[in-house]
Amino acid sequence: MVDALAIIYLTLGTAFLLGLLRDEWRILAYGITLLSLAMVSGIASTWVWHLADNPAESVEIMTAGASPPFAINLRMGLAEAAALMLATLTGLASTIFLKDTLLRLGRRAMAVLLVFIMAICGIILTRDIFNLFVFFELVVIATAGLVLLSHNERSLGAGFKYLMASQVVSILLLVGIIFNYHVSGSLNIDDMAGMSDMLIQTTPLAFFLLFIALIVELKPFPANGWALDIYESAHPAFSAILSAAAGTASLFAVDKVLAIGGDSWLPVATGIGVLSFIGANLFALAQTSDRRLLGYSSVAQIGLILAIIGQRDILGDSYWLIAGGVLLAHAVGKAGLFWLSGLIAERELTAWTALRDRPLLLFAFISFIALLIGLPPFPGFYAKWELIHLLAGADRIALIVLILFGALLETAYLFRWFGLILKHDEVAEKAPCPIQKVVVIYSAVVAAWSLAYLWGELSVFGNLMHAIPLLFALLFLPLEGLPARIKNVLAIGGLVTWFILQYPLYDPLQLIFGAIILPGGALILLASFHNQGRRIGFYPAALWMFAGLSMLIVAEDSFTFFAAWESLTIGSYFLILRGKHSQPHAQSYILFSLGGAFLMLLGFALASAGNPLFPLESLTTVAEDVAPWVFILLALGMMTKTAAIGVHIWLPGAHAEAETDVSPLLSGILLKAGLFGLFILLIYMGRQQLYGIDLTHVLLWVGAISALLGNLMAIYQEDAKRLLAYSSIAQMGYALFGLALMNHLGWLMALMFVVNHYIYKSMLFLSVGGVAKRTGTKEMYRMGGLITLMPLSFIAVLIGIIAVSGVPPLSGFGGRWIFYNAIMSAEYRLPMVIIFLAGPIAFLYLFRLIHTIFLGQLKDEHRKLKEAPFWIILPQMIYVACLMVFALAPGLALRHVDAYIDNFFPRNGLNWEGLTITSTYGYWSPVSIMIVVGVIFATLFAWLVFVNRRAQKVKQFNIVFAAERPYRPETTHFAWNFFAPYRKALGFMTQPLVTRFWATVAESLHTSAELFRRLYTGDGQTYAIQLLGFVVAVYLLSSGVFYGV
Amino acid sequence: MIKRFTVFLILLALAAIFAQLLFDYVPDSSLNQTGRYYAENAADEVGAANIVTAIIVSYRGLDTLGEVTVLFLTAAIIGLVLSRDRSQQQTAPEAVNRPGPGELLVTGSYLLAPLILLFGAYIFINGHLTPGGGFQGGAILASAILLLLLTRPVKHFSHRLITLLESVSGLVFVIVGVLGIILAGGFLDNRILPTGQLGELLSAGTIPIIYSFIGLKVGAEFSSMLIRLAETEDN
Amino acid sequence: MGFEWIKIPYSLLTLFIVVNYGLLLNALIAKIAARVGRRHGIPIWQNYVDMIKNYGLRTSITHGVMFYMGPVFRLSGGVGLLLFVPTIYGSVMFSNLSFAGDLILALYFVFFGTLGMALGAGESGHPYAAIGVSRGLAQVTAAELPFALAVFAVALQYETLSVTEIVAAQQGSYLNWTLFTNPFAVAAAMLSFLGSMMRPPFDVVLAPQEIPIGPPTEYHSSYLALMQTNRAIFPIAKMVVYMNLFFGGAVSWPIFFVKIFLIYMVSVLVGVVFPRFHVEHSVRWFLIWAVPLGVIAVAIV
Amino acid sequence: MEHIALATGFLLILIGLYGALTQRDILRMIVAFTIANTGVNLVLVAVGYIRGRSAPIINDNLPAAEATARMIDPLPQALVLTAIVIGVGITALMLAYAYKLYILRGSLDISKIKELKW
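Residue numbers (my numbering), protein chains in the order written: chain A, 1 to 1045; chain B, 1046 to 1280; chain C, 1281 to 1581; chain D, 1582 to 1699.
Hints are not guaranteed to be accurate.
[Said to hold, decoys possible] Cβ-to-Cβ under 7 Å is the rule here; a few derived chain A residues that face chain D:
hint, residue
1, E137
2, I171
3, L174
4, T1017
[Stated by the list, open to error] Chain D stretches covered by chain A per the calculated footprint, using a threshold of three residues with CB under 8 Å from any CB of chain A:
hint, segment
5, 1624–1630
6, 1662–1670
[Said to hold, decoys possible] Derived lysine-lysine pairs resembling DSBU-like cross-links, with alpha carbons at most 30 Å apart:
hint, chain 1, residue 1, chain 2, residue 2
7, D, K1693, B, K1048
8, A, K430, D, K1698
9, A, K864, A, K955
10, C, K1333, A, K955
11, A, K773, A, K864
12, A, K580, A, K866
13, A, K773, A, K953
14, A, K953, C, K1333
15, A, K580, A, K859
16, B, K1048, D, K1698
17, A, K99, D, K1681
18, D, K1695, B, K1048
19, D, K1698, A, K423
20, B, K1048, D, K1681
21, A, K859, A, K953
22, A, K773, A, K423
23, A, K953, A, K864
24, D, K1681, D, K1693
25, A, K864, A, K580
26, A, K859, A, K773
If you're looking for bench data, these hints aren't it; they were derived computationally from the structure. These numbers were taken from a predicted model, which means no experiment stands behind them. A virtual CB, placed ideally from N, CA and C, is assigned to each residue, including glycine.
Okay, chain A solo, but in the shape it has when bound (with noise of 0.2 Å):
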């Protein structure tokens, strides 16, 4: 191995090499520079190799021919090792992405980079507490100057506040290691962690001042506006290093250090960590300009991490895979979007909508906030599961809910960057891509996806990136050149095939979901056909909804179920994100969603008592006291998904702006994965009891609420989609009520929902999807006669809304019997009466669609529409053919489902011997039904068809009513409003009061942030004055610290 400390003397001999060339060489000096540093890199990266394979083998590396503590000495492990080869990497790559900056300005400017880069090495690895002190300062000096790198004049005004900062710091850190020194006799960090006892109780606060000043190398919430300035106002990749490989190093300082302090510093480490993480993300949120917010999202994460550090005393083993996890997650994801902004000539977040139309660069950007946020398969992810159950298990849920919460806002700002770039009105001009540049980004998205490849190896729970869904849909990348066509005959194929290798392992519960997963999605990506061109990002995004989907429908344990369960909310987020006006919906929708997420991992963490590995069978062995609550979490979580009444915001929005063959995917299929875990989780938990409360009893009133809102909300629509999606919202209500009822037949009917859904929902989204590309807008008013022109998806609208209704003969009417009958045997009557209610008002809103849009006067700019295109028209034609089907003989799907529940209601199934249906209570016959009523109409019809048979069609423009022709018929459509009776009786009930709510949390947020934003007043005075503040602060909260030991 070569010797660890020759990244030191390597890169400072460069820079002292430097200074012997003449200045016009620069050339020369820049591949001097960048030959070091390509160097220096390997060498760290053959030590991570070599102690990745023997851990055991860290190296202590003395100086000076005498032993520690009387010379200084440095530790190269394979956590140093690791941090250097992100150091010098980063340095190396900020290099390249430099070129044109340094050949600029010359050898001083590398000389500068490199000392830079050797400082932060410097830090990672020295043992020395003077040392570190040198190291930083290095560190400071060489940011102050590199700060001169950037263009932007006001860089020289952030550089000098940041030297004033540094300089308050440096006394605190100077008055400290002094007296510690006093106490202990020592510098040394190892030697001094051995008195650790002796230092903490003579001179708590010599450590305190050590402490402190290192904690504010951090750039902790709230004394960090010099911080912030730096990173708004520097060259990007300068900051892509400060962010990434110095942030690095400071934790380890704190690390280091903390390990004097003992235990009784750790809460004070997460007390700040957590602060920074929530006031920096939460100060994000008003953020418009690119680089100040990724400089709050640093602070941010790495406030994470040092609240992270300071849990490490439960961490145990795990320590560093979480910490590590976190940290390379942040510095490589950090370190890419600083690049990336490189590329990027304004600096307001609209600015990133240049990024619109390069489907690579867009690519790193996901990639990047994948990496922050710890979606999977990234390696934050893992982490913070672990993390959170570690925390669990260690009892510590108010640190779990601050964690959670700070995620959440950071979702919100990098996840509306996104919308922006992709949805804003105006695009921004593309500025040039150097190829240095983005060979740089490009790297970074290799190591983005390299590191989530190796902590998947690292978990125990397995590795996400061998998953052969995901894997499936990551293959769609790299074909993203190909045409649509190619790539949806592939996608149709994959989900088929992937179908019918799984369908014998599925149990009948398993195999209702799959159908409707993987052969009902390749139904409705038959409308996907319909598109031309290469559809960039569409089949990424769907599949990895898929995957997460099949993966969700198999998960045994809870880390694969909430793996899965993210990537479907990703996969669907980017699909939501596509539709023209939607991106205020898919923002809402990842917030709920991650929201919900987020109190399923508490959930998770809380059942299993802290192991992350924890199978769901074992959900129902949870300890008693935490039950309810664990029932609670997971609920909430699933049910963001159903949409239930609450958190329900996102869904109307969602499915209404999507593309119209991304509705019925929405709708159709990935409302159920809530429906799925509510399953699994009444499979596993059953009736919980809280408070005397018994919980199905809520998640009772909660669907019967929701039906009966989403129907009257639908009611009030103008938009077809809309009307739709507020429907589903209620259909989800039925279903989580029959689940509710945790009796046979409730279940029944859940199932029965489900399978009706999809297909109705589906059919009915095609088809006004089909007409609204037709006639060009999704208001229905501006509709009207359409049935002539557009008989087929009338006719799949017309079967849809009978379906829905419930109305026999067709299957809808089944749902409807079980659902009486289920009820019968229900225990509770009061929600009822709410389900009753809604029941009706589904026929309102199922009039108006089929009215408003086919029936009545056609529009003058309509008659020359022709039927929706054949690919769209083919799905619902199918499943006109499977309604009937599923109506005449239910039993087909329904009857082993029955039978499998059995296994947890044994009683009061249904007897499915011959044609009829039998309960308990009544009986149901679909086939004569079917019969009965087709027999009397088609009579009926063929008489009067008969009887009328020489009969004309009355012309539009022959109508007359009131003895007037009217002199333009299309304007006597009676669309708008077709239910104003009814709002003024009932519309009291559709008060947007939870829209009011969740908007006055929002705007709440941001307004606090940018209120107190402006304690960051720009005066480098004043951030002196906060950073003492924040010391003293500091000093007085934790007081305890002090005294209690």
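Start from chain A and add chains B, C and D according to the hints.
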């Protein structure tokens, strides 16, 4: 006013922290473990009579390397900042209306400058024996330059020479350090040369070499900073 | 289970009886209403005349497929509803096609006709038709709710969804009728009944006098004939359900005639006394007065 | 004696900080920071001092054998040298900054450098 008051309050709290440190402070009556080790072994191991020097150059040589680097950095950055500036305003007004240096100063400086340089060199060459060393010597060297700057404000010193001096000395420091790994017990181990007789000029292994180069380097760097800052006057 | 083909002629017989009874009853009611208003009223056979005339007429215009469908749906709904419920208790002959489904089928089949009607009228393109449908649907959702609650209460009370079994449970004495065993349910159901009979005060949907509004105005000749037939069948079919659920059913045709007449009279009596409600008023009215009764019924069963 | 040196050091730090945090002129702030640094350096050497002992240089006055008993702690002295040099570096850097800021804005008022905020 509010600001002053806030500052006052915060500093009051800081003062409380310091006061506590002060009151809890128990002066050592004997050397602690580290001090004792140095007192007992430094002379033998390193061979430097000035134990502080032994610590600076050898035991805590890495610190010193960092220290030198700090100066190097500062000089480089100041060069970067100010030269960028100057290149933009190349047309510096030639005739600055400033009274020229007096006769006394000019003559005095010509007389003193070589002496000062010599003295500086003495200080750093003897750094391992007597109080003083590379930094002190270097600073003295730079004071000679300062004197010259005062005397002949428009004279342009050769940046090139200074830079060369700076870089070569830096490199030598690093190389000697690395040689320590190869030939002796670790980075910056001074015993690649014989430690010699305590108190002799040629003793203490590489310390005199390193300290001399540090002296040169520090002198060069300070000079470079001074010159850069002085040049700003021209504009 | 083999299908007994004899059920078909039996069912047609029921249909025949009910159509005639319905036509006569409608005329009788109209006459009563007229007399209350001190008018002379129509002859008792007027409905026959109208119907035969309309069946004889041929039209030469149509508004499209759904225009056909409207009356067809409507009448299918009426006939279906009638046939899915046993008419006479204990009679194999007049149990009709009730083997196909239970009470729930009847409950939901009510909507079949409504839906079809609304669709047909919608296609005419006449704005008033749409307004009528809008009002009708709005009102019926509110009116159906207490009925649904009452049905639920009754089903809970007898622990069955089979109409036959519910009737069976009420045999023996009139005190066994649901009317007496569960008065709240019956009260709720009867209030709902008022709303679904399209008589004052809940007839704003049809608004027969003021404007030619609502679906019927769009239909003429054979379309109208079908609808008139339905107008004879449908109220009866619905009242059969009420009778079976709340008033002990009928063991023979005479009892059937009497009970149906009396039930019908309830709505007539109310109708001649009260003025007309706006739709929003009637919606509120049902929610305020009828629904609580239904809730009580469900709660105390 | 040691307490006096320490107290003086602390006082200098506080004075320096007060100046740095209240003076608006950048040059004055730099001077104030220098004062504070001096205070820190004073604290550093004060900690190493042991009453009645001599400087850690082995010569005729202080034979190697008596060194342990008669010399003061050499380490803080080494540290203070490093601290001083670093302080000088930073001061020089701040001066360079001040110069550039002045050139750019024609003012040395710290409170006017506020373009970056929030």
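To see whether the hints hold, each was checked on the structure:
1. E137: 5 Å, holds
2. I171: Holds: closest Cβ of chain D sits about 5 Å from I171/A, inside 7 Å.
3. L174: OK, holds: L174/A within 7 Å of chain D, min 5 Å.
4. T1017: T1017/A check passes; min Cβ-Cβ to chain D is 6 Å, inside 7 Å.
5. 1624–1630: holds (count 3)
6. 1662–1670: holds (count 4)
7. K1693/D with K1048/B: Since the Cα atoms of K1693/D and K1048/B sit roughly 16 Å apart, the hinted pair holds (cutoff 30 Å).
8. K430/A with K1698/D: Measuring from Cα to Cα gives roughly 28 Å; hence the hint holds.
9. K864/A with K955/A: 15 Å, holds
10. K1333/C with K955/A: At roughly 27 Å apart (the allowed maximum being 30 Å), K955/A and K1333/C satisfy the hint.
11. K773/A with K864/A: Satisfied, since the Cα-Cα distance of roughly 14 Å is no more than 30 Å.
12. K580/A with K866/A: Status holds; Cα separation ~23 Å.
13. K773/A with K953/A: OK: K773/A and K953/A at ~28 Å, within 30 Å.
14. K953/A with K1333/C: 23 Å, holds
15. K580/A with K859/A: Judged against 30 Å, a Cα distance of about 25 Å means the pair holds.
16. K1048/B with K1698/D: 18 Å, holds
17. K99/A with K1681/D: Holds. K99/A to K1681/D sits at ~25 Å (cutoff 30 Å).
18. K1695/D with K1048/B: 17 Å, holds
19. K1698/D with K423/A: The hint holds at about 28 Å.
20. K1048/B with K1681/D: It holds: about 27 Å lies between the C-alpha atoms, which stays within 30 Å.
21. K859/A with K953/A: 18 Å, holds
22. K773/A with K423/A: 20 Å, holds
23. K953/A with K864/A: Holds - the C-alpha atoms of K864/A and K953/A are around 18 Å apart, at most 30 Å.
24. K1681/D with K1693/D: Cα-Cα ~14 Å, so holds.
25. K864/A with K580/A: 25 Å, holds
26. K859/A with K773/A: 16 Å, holds
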